[in-house]
Amino acid sequence: MEDLEIEKGSKLRFAFGNVLSLFILLLIGVLAFSIRLFSVIKYESVIHEFDPYFNYRVTQFLTKNGIYDFWNWFDDRTWYPLGRVIGGTVYPGLTLTAGTLWWILNSLNIPLSVETVCVFTAPIFSAFAAWATYLLTKEVKGTGAGLTAAVLLAMVPSYISRSVAGSYDNEAVAIFALIFTFYLYLKTLNTGSLFYATLNALSYFYMVCSWGGYTFIINLIPMHALLCIVTGRYSSRLYIAYAPLIVLGTLLASLVPVVGFNAVMTSEHFASFLVFIIIHVVALVYYIKGILTPKMFKVAVTLVVSVGMIVCFAMVAVLVALVASSPTKGWSGRSLSLLDPTYASKYIPIIASVSEHQPPTWPSYFMDINVLAFLVPAGIIACFLPLSDASSFVVLYIVTSVYFSGVMVRLMLVLAPAACILSGIALSEAFDVFTRSIKCQLPDLLSDPQPAAGDTASENSAVQNDIVKVDKHSTAQKSDEGLKERPSKKNRKKEKEHVEKVSVKARKEKRLLVLPLETSVIAILLLVLLGAFYVVHCVWAAAEAYSAPSIVLTSHSHDGLHVFDDFREAYAWLSHNTEVDDKVASWWDYGYQTTAMANRTVIVDNNTWNNTHIATVGTAMSSPEKAAWDIFDSLDVKYVLVVFGGLVGYPSDDINKFLWMVRIGGGVFPHIKEPDYLRDGQYRIDSQATPTMLNCLMYKLSYYRFVETDGKGFDRVRRTEIGKKHFKLTHFEEVFTTHHWMVRIYKLKSPKNRIRGKTKKSKLKTSTAAKLKKVDQGKKNPWH
Amino acid sequence: MAKLSSSSSTTSDAKALFQTLRSAYSATPINLKIIDLYVIFAILTALIQVVYMALVGSFPFNSFLSGVLSCVGTAVLAVCLRIQVNKENKEFKDLPPERAFADFVLCNLVLHLVIMNFLG
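Line by line, the protein sequences give chains A and B.
In this text, residue positions in the first sequence follow full-length UniProt numbering: the first is 1, and each later residue adds one.
In this text, residue positions in the second sequence follow full-length UniProt numbering: the first is 1, and each later residue adds one.
Misleading hints may appear alongside valid ones.
With beta-carbon atoms standing in for the labels, derived distance ranges [what the hints assert, rightly or not]:
{"id": "1", "chain 1": "B", "residue 1": "V51", "chain 2": "A", "residue 2": "T361", "range": "50 to 58 angstroms"}
{"id": "2", "chain 1": "B", "residue 1": "E98", "chain 2": "A", "residue 2": "L82", "range": "52 to 60 angstroms"}
{"id": "3", "chain 1": "A", "residue 1": "V521", "chain 2": "B", "residue 2": "E91", "range": "38 to 46 angstroms"}
{"id": "4", "chain 1": "A", "residue 1": "N72", "chain 2": "B", "residue 2": "E98", "range": "43 to 51 angstroms"}
{"id": "5", "chain 1": "B", "residue 1": "I40", "chain 2": "A", "residue 2": "Y286", "range": "13 to 21 angstroms"}
{"id": "6", "chain 1": "A", "residue 1": "V230", "chain 2": "B", "residue 2": "I40", "range": "25 to 33 angstroms"}
Keep in mind the hints are simulated off the structure, nothing from the lab.
Computed from a predicted model, the values in this text were never measured in an experiment.
For each residue, glycine too, the CB sits at the ideal point set by N, CA and C.
Work the whole structure out from these sequences, hints included.
As structure tokens, then:
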């Protein structure tokens, strides 16, 4: 009778706990979605930054023309005159996801525009990512840790920065795919079910579709499998979790056009094949060990070792020769720059110039993962007691992601889920200990004023036994899943009966930690306070630091809020006042925005796949007016666009980026030398600047008529007066400057119809023309 | 002399080893032996395809990849099935063999769908 009631009581408790967890998860999803909406409230529902504009344009094309045209799309409005094969060079996951969402909503007669769907894709998928984190941490440690980790991930600033409403970039769906793939891998590892292995492969396929960071998964999982084998944790579940994933995963990865045959030919995937072979060898060894006697097994080992070594050496030699024959040892440039952080700055200046690829500073760790930064070591220790396959995986994940986040600040994003998982584990374990201590000692405190009835006396003695012996199996049962249960009297009675039985078992049970009551209460209060600090910081970061759309700028001054909408003003002018086929040249940062918003053909854009083309534009910007006109004319350019922040103090303008243009241009065209633009190693644009600097196109286009604004030409960003103040443009004419002078558009002047007087050929001009290799031998240059 | 005796001892050891292996293997149940036969068949097919590619050249590389990986894939899945169905495996004694076979069929379906798409 008692047992039945106790069982019903525990079932009810479990049901209540499950409903509570479900409700909490729902709230976590709503939290993750709503914390990312600050930019929509403060500005408007607009797409941010640069890369999302390209994704938005691709999604527009997909929704308008359907999937077959999208798959075979050749874009001729960018990288003129080369064009770009969109179908084969874009990671289609994000656009297909948003397109599917739009299509479903529209077929349900909910007429959301493509832009709205694109803007809100990221918050929706961050809610999914929080739920995936719950599932993953539940596999490692249990429901309590899962809920804590989910709530931490919903708010962590590093993830918010790349998934705020309007940030329509690959990471928005890729982080969800990453966490979900890891969850399915751990689920397969824990259960050994082939069904979850299939789901794991499909989720990995979704990750490959979404982001180039899938190489992290295909290298981390083999590393973990190898770790398990080496530490003696090989089991058949590991084989089922690993081998089908590799075969199916490689096939699925080659299906995506961007990856194609790279899935079997580049070094990023070789680790998985190597461990595939190793795990088969290990499986065979274990099988033979199982069917032979130990003596015969020793004989087998000696025989096989001698033969196998020879074969192994031969195969390894062939493989090494194959890999070593390629100059980069088979790795791509981006992967090499991750492994050797100095590689990019030596060989590929474009990768080195992107601000996201710089190493992070120490304060950015605190800004991006805040309190989690010092909860992670506690989580690592909690993973070791006890160590299981899943917890060893999580430890490996955090160690590798910490290394990679130290190389590139952009990869802090991969660190964030790992940090949340481990902090969730640490916090959950801490709460377990404290609430257990309180629960053990609270009845003692409560039942003190009542006189000793028979029950209470035995209860007291039972509880005293708890504290004295400090090792009760039943307390472990009571504090499972981290939920607070009300101790019922019936439970206490059962406990009293089991005291003697348990004390015999007590020696073998683990000693559970019980701390004094006051300490536990204060500790719980402090932990809650810590959580409060974390929440406050996250909300502040989301509202102030990471919600800026970069296409609209605001500043607060004594007379209110100023809005700088210059970029959209310039693009709108371009789209209304130029011909459809006109080509616009600018630095590659603005390529995606120009094609998406102004709908004009550009020369280079943010994809940066062709270094020589970018170097051509960079050389043009660094050359004097005439040489620049020649280069632009050879590319059929009509308009040149520069971004200038000197009037309002906007620091990310083209003059600040100019040295990168010089370096990249100089990397391909040797007549551009960086020291020519520096005075004593310093970059200046004032009167002390070098003549090469004062005569280059970028200087002239930025500062043309600038002296008319305040009479002195004071540049607010560089904080000096400019060097050359009064000059005329001979080969370009200004057609548009935005309200705050932030974007300036110039048109190439057409050559004169008649050439007056004798055509003079001065030696200087022919030498630069010859170096540029664009002069037709017979044609006379009308500008001479 | 010493070398001959050591080599003869190794050959006799090898013979003894093969005898024990053969006797131990013949004790396995017949359903597992069928699965092993299937695995060997798949691996042989993959080897034949690799030899053919070495002779003829790898021009439609996607066809070669999908062919070889389909053989390797079914072999791996059959090994997983064998692991789950083997009665000596303590970890899987709660798993009904029908469920294991259903998982095997599902995974093979996904594998062959991908192969058909990639074959070109």
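Please list, smallest to largest, the hint numbers that this structure does not respect. The structure breaks none of the hints.
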